[in-house]
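**Q** Next come the chains, spelled out residue by residue.
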Amino acid sequence: MRRRALPALAAALLVASVGACSTREPTTDPTGSDEPIVIGSTLALTGAFAATGIIHKIAGETFIDRLNDAGGLLGRRVEWRVLDDQSNTQNIVPLYEQLLSGPDPVDLIIGPYATPNILAAMGVAERYGKVLPHHTAVLRPQLTYECQFPGWSIGPNPNRFIPEQLFDMLATLPNPPKRIAIATVQNGSAAFVTNGFDDDPTGVPTIAAERGMQVVVNEQYPVGNQDWTGIAQAVANAQPDLFISNSLGADVVNQLNAMAQLGYHPPLTFALFPAPGPVLGLSDLAEGVFAWSMFEANQPALDRLGDEAKAIVADFVSRAEAQNVSYTAFETQAAASWTAWEILIDGVKAANSLDDKAICDALHEKGADTTFAGHLTFDPAQNNFWETKVGIKQVQDGDWVMVWPRDQASAEVRDPRT
Amino acid sequence: MTATAGTTTAGSATAGTGAPKTVGTIPRGLLVLIGVSALVAVVATFSSDLGLASYHLVLISTVLFWATQATSWNLLSGFAGYFSFGQGAFLGVGVFTMAVMAGRNDVNYLLAIPVGGLLAGVLAFVIGAVAFRLRSLRGEIFALLTLAVPFILGSIALNTRSIDGGLGTTIPTPDRPDWVPSFQHLMVLLNLGAATIAVAVALAVYHSRLGRGLAAVHDAEDAAEVVGVPTFRYKMTAIVLGGVLGGMSGAIFAMMLGYVEVPVVFVLYIPLFIILICVAGGRRHWAGPLIGAALLVVLTEWFKVAKLDQYRDIVLGLLLVGIVVIAPDGMFGRLRRHPWIALVTFLVVAGGLLASGYYAELDALLYGMAASVVVTTLAGLPRVERLWRRQATSDSPAAPAAAPGPGTGAGSATRSSTGFAAPPPPPPGGRVLVSVEGVTKDFGGVRALDNVSFDVTEGEIVGLVGPNGSGKTTMVNLLCGAMQPTAGAITIDGRAIKGLAPHRVAHAGVARTYQIPKPFTSMTVRDNVAMAVMFGRTGASYAEARQRAEQCLATVHMQHLADALPESLNLHQRQLLEMARAIAAEPAVLILDEAFAGLNPAEIDDAVAVIRRIHASGVSIIIVEHRLRVLQQLATRIVVLNRGTLIADGAPSTVLNDAVVVQAYLGRQRA
Amino acid sequence: MNTVQVVLSGAMLGGLYALMAAGVSVTWGVLRVINLAHFGLILLGAYLTYQLVTIWRVNPLVTLVVTVPALFVLGALLQWAYDRLNIVEFNSLLVSFGLLIVMIQVAQNIWTADHRELPRDINPFDTGSLSLGPIVLPYDRLVCLGLAVLLLGGGHLALQRTFVGRGMRAFAEDRTVAASFGIDHRRLSVLLGGAAGASAGIAGMAFMLGNLIQPSHAYEWFGIVFAVVILGGLGNLLGTLFAGISVGALSGLVGVLWSHAYVPIAVFAAIIVALVLRPQGVFVRRRAV
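From first to last, the protein sequence lines stand for chains A, B and C.
Each residue of the first sequence is one higher than the last, beginning at 436 in the working numbering.
Each residue of the second sequence is one higher than the last, beginning at 77 in the working numbering.
Each residue of the third sequence is one higher than the last, beginning at 15 in the working numbering.
Hints are computed from structural coordinates only; laboratory data are not their basis.
Keep in mind that this is a model prediction, so the values were computed, not measured.
Please note that the accuracy of each hint is not assured.
A few chain C residues that don't get close to chain A, going by computed Cβ distances all over 10 Å [said to hold, decoys possible]:
id: 1; residue: Asn73
id: 2; residue: Val76
id: 3; residue: Leu99
id: 4; residue: Arg134
id: 5; residue: Tyr153
id: 6; residue: His199
Computed beta-carbon distance windows for the label pairs [unchecked claim]:
id: 7; chain 1: A; residue 1: Asp469; chain 2: B; residue 2: Val424; range: 16 to 26 Å
id: 8; chain 1: B; residue 1: Ile402; chain 2: C; residue 2: Arg201; range: 19 to 29 Å
id: 9; chain 1: B; residue 1: Ser432; chain 2: A; residue 2: Ala793; range: 50 to 60 Å
The beta-carbon is built from N, C-alpha and C at its ideal position, and this holds for glycine as well.
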């Protein structure tokens with residue numbers, strides 16, 4: 436008796452898990468009611484990307500609170516439902532599906548943090564026809580969905596744009612670099628700057644060659660690399676004029692540390708997406724280091740942008756301090772996050788509706804006004820990547836300062852060799 | 077304590093009525109599988125009419141995916157007990173096959189799925205061929221070996237631009253036939269297909285010789301090989317089947333992800349989650365991974381959306397600890413003991429919560445499953461179970477599956493032993509069954525056996541004696557093929573056994589017992605013996621084997637213990653079980669390795685009587701022993717080894733009075 | 015000279031790997047507990063070091079006074095619980111995985127997911143180094159190697175020479191026999207668990223000398239630490255020390271001669287080769303059969 440019933444139980448559990456799902460209708464779209472508008476997303480609140488994920492969380496919370504204080508959206512309060520994707524791309528599809536078709540589906544969505552996760556979320560957004568503004572995706576050629584809107588933009592060809600902008604800036608120095616050492620992490624968010632995309636091999640080495648510079652070291656290393664001596668030694672031996680660390684997080688800190696142990700310090704250093712706090716932690720070693728940036732809350736920049744920007748930055752900083760974040764400045768990540776939120780809200784206002792098709796069309800038609808990136812226009816032919824407004828920052832006197840391009844700079848480029 | 081729960085349930089599965097549960101000729105499990113698969117397919121196809129949201133389809137896909145992976149892992153690691161950390165490698169090969177074919181080269185995904193399975197199968201074959209050839213392979217070495225494989229594959233993918241190159245790959249949303257309403261429907265159907273195939277394979281394996289052989293490998297691999305299980309071939313079959321299934325399902329997983337890169341796939345988290353599913357569900361049965369996947373996927377999905385914030389991982393981590401601590405042998409064992417309680421509890425709780433309208437589906441599912449597990453666990457507590465049993469005995473015929481009373485056992489034993497019309501032992505001096513010619517065995521620089529030669533002819537009981545370190549154990553290992561001689565030749569019944577695997581040697585007619593008994597712990601005494609019949613020289617179906625096992629048990633007077641599990645036996649009974657299992661293979665020669673070790677005098681007399689009965693049935697015997705009194709009684713001839721050389725060979729009375737023997741053997745023993 | 019420098023640096027870093035691996039190897043080899051929570055203990059050790067150095071503003075080595083006893087107690091408690099609940103082998107793998115998740119989350123709740131590092135003005139080890147002619151020996155790695163030699167070498171001697179150590183080895187060989195010789199396995203295993211915990215505290219401190227820490231780092235240590243454990247031979251401390259140094263040196267060598275991108279392939283291929291050729295561990299003397 437009992438033995439026979441067993442497989443039936445296995446069956447029943449499966450059946451039940453299916454059957455039970457069907458018993459409840461999803462809540463209907465609450466447009467026009469007094470219910471709050473719910474915006475859903477995931478963020479990397481734990482796991483490898485969590486240090487940056489928390490910045491996006493604080494930025495989003497600041498944004499939503501300020502939006503509600505200013506009367507909400509379409510006369511309704513706005514709520515943000517943020518789930519933790521644990522920095523794991525595997526979790527993205529189920530969680531966005533849950534947000535969109537689970538109990539109490541959300542009205543709008545916004546992207547997660549980090550390129551792979553955004554790419555995974557884009558697939559879901561496309562299937563549901565949802566507008567997907569996102570903070571920080573860089574791989575433009577892969578962002579093919581017409582209703583995804585980037586919150587930062589490294590132009591249509593980031594693998595060409597970033598090296599060219601860097602070399603343009605360095606060309607203004609009295610003694611531009613001739614010999615270049617490159618260290619690249621094998622990660623989708625960084626490797627393209629060295630290796631290019633798919634069939635396009637354009638990257639730092641090819642562009643350096645175009646400009647008559649010599650690549651003396653070109654090292655690749657895996658994520659989670661532990662021993663930096665080899666790379667440091669290779670760079671130190673080659674005695675380059677410029678060290679380019681196409682890396683994320685604290686890698687450049689480890690690399691400069693290892694070089695210092697060997698008694699070497701590169702004359703010029705550029706880091707792609709470094710964790711800003713730990714770089715400053717290098718104190719003297721960090722002085723003069725360049726990095727890619729979208730925005731730095733330097734006083735001249737804030738003065739240019741006006742009181743609204745100042746208030747946002749102050750609000751963000753006080754929240755970050757309260758949350759025990761070690762580096763509280765409002766910079767690239769927060770600015771990209773803020774821009775993504777503004778794109779979404781501007782689109783809703785322009786469409787005067789929560790209908791994603793209408794929002795998407797309105798954004799394509801009218802663009803969006805943002806605090807930190809100005810007016811943006813979106814061309815589906817360019818995968819909505821707007822005219823880039825990114826630049827380069829430098830550590831000057833122990834702080835990050837925007838130094839390039841000139842019209843966004845808060846200070847002159849300093850040559851650390853002098 | 078923990079072992080008891082698991083083995084009891086496993087035992088009750090095979091004990092009892094006899095033949096595997098079937099309806100007509102089809103196993104019941106298969107009917108259930110077909111039914112469930114068809115039902116899921118229908119539910120998925122008509123999901124919008126049933127009011128199912130896309131998210132529910134994702135949940136179903138996720139459960140099916142992990143169930144497939146866990147089933148694939150379970151074929152080798154659960155059934156045969158070789159834990160693997162390499163499942164991520166099979167999955168990863170599938171994922172990157174899909175990424176390269178469909179993502180980068182626009183090949184149809186329907187082609188990429190079988191190719192992914194094929195490539196993963198090839199990888200599994202290579203891993204198995206390397207690992208299982210290792211003489212000293214132990215479970216943990218295998219686990220560690222497989223741990224390294226995903227890291228290597230991940231690194232290769234990262235360094236190969238045409239596979240990944242650190243850039244990741246987007247898998248385009250696939251085209252689908254018109255009758256499939258959405259992408260998520262397609263995912264459910266593909267995952268369902270893979271899961272159905274996987275479970276069907278597991279079901280078939282479970283009920284086949286392969287499955288029983290793997291279970292024997294799990295319990296006692298040496299003994300399995302010796303009773304004739306081709307362990308290498310079976311392990312290879314299991315790992316390759318698992319690889320193919322894992323690769324297929326991995327290719328589908330790539331489509332579910334939409335974007336794949338190395339850190340998503342080749343991480344330790346994946347094999348750990350799969351192992352967790354199988355441990356939580358139950359590893360020895362094909363349905364365990366299914367239960368585990370349903371339970372753990374719903375649990376973790378629930379935690380992902382639960383508003384516990386920074387306490388989520390703490391609660392989840394402790395729950396995982398709790399699951400393993402409470403049910404180290406899996407939930408399946410508990411649920412199967414009280415299936416109706418489990419089912420009713422689940423339906424009542426889940427249904428009630430849903431009907432109340434205050435709970436989301438995921439909540440209801442999770443709470444229903446949790447309640448079901450808790451209630452069956454409570455119902456399984458000995459104190460509660462006693463209440464339950466007392467009421468249930470009247471209407472549940474299968475309830476007391478324990479051994480029948482000692483009276484009936486003894487009666488039947490007597491009957492059959494008298495019925496066992498002992499033919500007179502064939503006169504010694506007939507056919508030569510075992511011929512050892514000039515055998516030498518070196519271990520490194522140590523010579524364990526040096527140019528040893530002797531014969532065993534039909535009808536003999538040869539005593540093989542010698543002090544410790546004389547080479548007796550080495551001789552036994554050579555005779556049953558577990559080791560190969562450095563020089564010389566061994567012939568069994570006229571057939572040279574050089575290079576034969578132990579199970580082939582077993583088929584040539586050699587059976588042995590172990591000094592420290594090695595029963596198949598998850599099987600009843602009867603099934604232990606039946607294994608030897610099934611995999612013996614003549615082979616037999618499971619049902620036949622169980623009947624013939626009864627005769628062998630009668631020979632050793634163990635019939636009354638046929639339904640007991642080995643762990644409930646005392647040492648003497650275990651030795652008798654060893655003998656029963658050995659004669660079940662109908663050997664020409666039976667080697668008894670220190671069969672009297674640790675027995676009291678009464679037990680020794682009993683064992684001697686059993687051995688005489690075995691001999692009377694026409695089996696020639698080699699007794700490895702150092703107790704001379706016993707040998708004097710039993711042996712027709714004695715062969716003495718000392719420090720690897722043969723120093724005497726002859727009739728007991730002659731040999732035991734031989735000066736050299738007394739010097740080497742007795743002298744040393746007295747000193 | 016170049017290659018020598020890199021291999022030497024790698025070998026010294028190998029001391030850190032060996033420190034991390036020691037606890038895993040011993041609990042696995044002797045107690046049959048595959049303790050993934052050990053990585054959580056290392057993480058806690060690292061964060062405790064960070065916290066104490068920041069508050070007290072003392073040399074990181076001084077913090078061992080607190081971290082070692084604290085983690086000894088934690089390790090002993092953990093082992094006591096495993097023992098009580100009879101959790102060994104693969105079940106311990108899963109239970110300790112659950113505990114690791116808990117520990118990582120606790121670390122994140124206390125110290126956030128930010129990168130943390132020892133303040134540079136109090137950490138005398140981070141960028142300094144000892145010059146020996148053309149060869150440079152970074153201070154942090156010297157400390158790692160020194161501690162590894164002291165701890166693993168000392169531990170090896172303790173296992174070989176002391177009564178308790180012999181008891182443990184007897185226990186690893188055969189539990190029932192050891193028990194019949196009057197070895198109290200409960201007390202022994204709790205002691206050993208505590209020692210493993212203490213070693214995690216030291217490893218955590220050593221890690222902090224030259225690295226930044228994040229809660230998710232616990233996962234990043236898996237690969238290299240298991241590599242060292244396998245190559246060293248389960249429960250063999252001297253083997254673990256040599257394995258750590260070899261893995262470090264091999265990584266450096268492959269990085270110099272080939273590419274850093276191929277280091278994981280080389281290390282894990284070495285594992286497979288080693289397991290196939292010498293399943294008992296590369297650095298274990300072969301026992302007579």
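**Q** Do the beta carbons of Asp469 of chain A and Val424 of chain B sit within 16 to 26 Å of each other?
**A** Check failed, 37 Å falls outside 16 to 26 Å.
**Q** Given the hint of 50 to 60 Å, is the C-beta distance from Ser432 of chain B to Ala793 of chain A inside that range or not?
**A** violated (37 Å)
**Q** Mind verifying the non-interface call on Leu99 of chain C? Its CB should be farther than 10 Å from each CB in chain A.
**A** holds (27 Å)
**Q** Over 10 Å from every CB of chain A: does Arg134 of chain C meet that, or does the non-interface label fail?
**A** Its Cβ does come within 10 Å of chain A, the nearest being 6 Å, so this is violated.
**Q** Using the Cβ atoms, figure out if Ile402 of chain B sits within 19 to 29 Å of Arg201 of chain C.
**A** At roughly 27 Å between Cβ atoms, Arg201 of chain C and Ile402 of chain B fall inside 19 to 29 Å, so the hint holds.
**Q** Does His199 of chain C sit more than 10 Å from chain A, CB to CB?
**A** His199 of chain C is indeed farther than 10 Å from all Cβ atoms of chain A, at 36 Å.
**Q** Is the nearest CB of chain A more than 10 Å from the CB of Val76 of chain C?
**A** Answer for Val76 of chain C: holds, closest chain A Cβ roughly 21 Å.
**Q** Taking the minimum C-beta separation from Asn73 of chain C to chain A, is that value above 10 Å?
**A** holds (18 Å)
**Q** May I ask you to check that Tyr153 of chain C keeps its beta-carbon over 10 Å from the closest beta-carbon of chain A?
**A** Per Cβ check, Tyr153 of chain C is inside 10 Å of chain A; nearest 8 Å; violated.
The structure is inconsistent with the numbered hints 4, 5, 7, 9, although it conforms to all the rest.
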